[in-house]
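Asker: Single-letter residue listing:
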Amino acid sequence: MIEVKNLTFSYSKDKQALHGLDFTVEDGEIFGFLGPNGSGKSTTQKILTGILKGHGGRVSLFGQDISAAHTQAFFQKIGVLFEFPYLYANLSAVDNLKYFSSFYPREQLRRIEEVLEELEFKPDFFKKPVSSYSKGMRQRASMARALISNPKLLFLDEPTSGLDPSGAVLFRKIIEKERKKGTTVFLTTHNMLDADLLCDRVAFMADGEIKALDTPGNLKERNSNHRVIINYLYQGRREEKTIEAPELKTGIPFAHDEIISIHSQEPTLEDMFIQYTGRGLS
Amino acid sequence: MWKSLCALLKKDCRMMVSGKFFLMSLGFLVLYTLYVNFGYIRFMDASLYNVYLYDPAGTQATVSPLIQRVSSKEALDAVLLDDTNGVGIDASAGKPRLVFYEGTEQADRHRADYALSLLQPSGNGRAQVVGSNTPEQKARKEITCELLFFEIAAVGFLGIAAVLFKEKSMGVIRVHAILPLQKNLFLLSKLVIFLLSDLVFAILLTVLNVGLRDTASILPGVLLQTALLSLIMALTGLICALLLKDFRQFTLAYLLIAIFVATPVFLSANTAVKLDWISFHPFYHIYMGLKNAYFGTPSKSVVYYPGCVAAIAVLLAGVQRVFRREMKKEG
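Listed in order, the protein sequences are those of chains H and X. No gaps in the numbering here: position 280 of the first sequence is 280 in this note's numbering, and each next residue is one more. Take any residue in the second sequence, count from 1 to its spot, add 282: that is its number in this note's numbering.
Derived DSS-like pairs: lysine-lysine, alpha-carbon spacing no greater than 25 Å straight-line:
1) K53/H to K465/X
2) K285/X to K98/H
3) K177/H to K98/H
Examples of chain X residues lying across from chain H (beta carbon under 8 Å, computed):
4) G453
5) V454
6) R456
7) V457
8) I460
9) P462
10) L463
11) M609
12) K610
Just so you know, these hints were derived from the structure itself, not from any lab. Treat the numbers as computed from the prediction; the structure is a model and nothing was measured. Each residue gets a CB set at the ideal place from its N, CA and C atoms; glycine is no exception.
Work out the full structure, taking the sequences as your base and the hints as a guide.
Answerer: The structure is reproduced here in structure tokens:
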């Protein structure tokens with residue numbers, strides 16, 4: 001779906017934003033692009049969506065070189081959720097969706113009410129102006145705008161930002177549903193939980209370079225110390241012991257009366273990010 | 283393309299309705315019409331100036347019968363005290379000297395020229411007839427032209443900037459970068475809607491204040507000049523709105539435009555203030571183009587229309603450039 005080879009981009013002569021990125025995104029994959037502010041995530045997404053021109057290297061989307069790809073037919077196949085919910089504040093969610101969907105072929109469009117209902121949008125607000133919506137509702141209306149055209153490739157920038165926990169869970173379900181339909185998702189995020197739960201593969205970006213690229217599981221496993229911490233009760237006393245994970249093959253290898261909890265010492269995706277990039281996600 | 287343009291036009295119309303743009307234009311139309319019909323025309327409906335001559339030695343041989351002679355300097359002063367619109371000519375020293383009781387000679391050239399012309403009624407100079415307008419019709423055309431110029435150059439310009447600032451602050455311009463539409467249609471839609479709105483305003487203002495019969499003969503010329511001014515102002519408004527950070531910054535730019543663009547043009551065209559450099563001021567030529575159109579006189583300048591088209595082309599290129607820059611911006 002997306003093939004990027006030696007992608008470079010400079011905003012000015014002395015400000016190179018991207019230093020030779022290489023990655024591919026397969027059809028139907030959820031690909032996570034993680035990095036702190038200023039790492040080059042947005043620049044990459046803008047190049048892929050045709051907003052920024054003048055890059056170096058080779059980029060192809062839908063099997064076509066990017067320079068020829070940014071036609072109206074290309075924009076019909078993609079959906080983009082921006083970091084901020086950009087909507088006409090004086091129009092309702094329905095009117096916003098009617099307006100934005102009017103640029104796509106009718107046969108490609110989903111029903112507005114169906115999309116809003118899927119996003120658990122309160123029906124009372126369907127026809128109220130966006131200016132009266134909460135941040136979460138604006139984000140839902142924005143997501144509806146990205147989904148209304150049944151895109152084959154979905155660019156999502158911080159999709160769960162501004163949502164309460166149940167909203168974030170709902171969005172993850174919807175993204176999963178899109179993947180099942182065969183939609184490819186390019187997810188740009190700071191949120192490690194989203195990346196961990198959703199992405200088939202993630203790329204860690206820092207200083208305009210990809211520092212690591214693999215599945216979240218592999219990244220964590222590769223750097224795991226394979227230890228577990230066991231909390232247990234023995235002779236009335238609460239104790240804690242750290243053992244090597246393979247030792248568990250034959251059961252708990254020490255005397256105990258009751259096991260309270262077992263914690264694997266596998267690193268989190270955030271730990272991995274810090275390890276690879278030398279900094280946190282802020 | 284047509285479907286996209288229709289969707290954009292419909293949306294822009296809604297933006298203008300919600301921004302009360304049409305209501306504001308209607309308000310200005312009513313206000314201008316009331317001012318012209320119940321204020322300006324009545325105020326300007328002055329009778330001919332009386333001209334009084336004190337010429338004890340009879341130095342002025344060929345005076346018009348419209349001149350009234352007085353017998354003494356005291357009598358001249360007394361009559362001008364009574365008739366303050368009148369013009370006195372004191373020729374007691376041989377050379378005619380003008381006497382006013384209101385205004386000064388510098389600021390009242392019309393009265394001075396008229397009075398002096400009556401001293402040589404049979405001179406070689408013959409007045410050229412430049413039109414068949416009655417004084418009232420002339421006054422109506424002049425004030426309608428001024429109000430239309432002001433409306434498009436100042437009020438309409440403010441309107442387009444206000445609409446675009448709204449869209450800019452909502453961030454929706456960036457969404458159009460990833461929609462399947464030709465990006466220039468976004469600008470074209472705005473230009474079309476503001477142009478149409480200005481043309482409708484020009485028609486209504488002219489019909490209401492100049493009259494239906496006269497409007498029919500001058501309308502094509504007026505609409506052409508209105509279209510040129512409207513496009514130049516709309517494109518300038520778009521550039522300012524896209525370049526400047528917020529509406530507060532825009533109001534400063536607006537003040538500069540109002541002071542340095544409109545004021546010299548009005549001063550030069552409507553008062554006795556003489557500005558030697560005014561012929562280098564592009565808006566003076568646009569204003570005169572509109573004024574000539576109201577009096578059915580086509581522009582004779584060979585550079586006027588190519589100049590307008592070139593200005594529109596340069597501004598359009600500038601708008602496209604800043605528009606593309608705006609689409610690339612982040613939150």
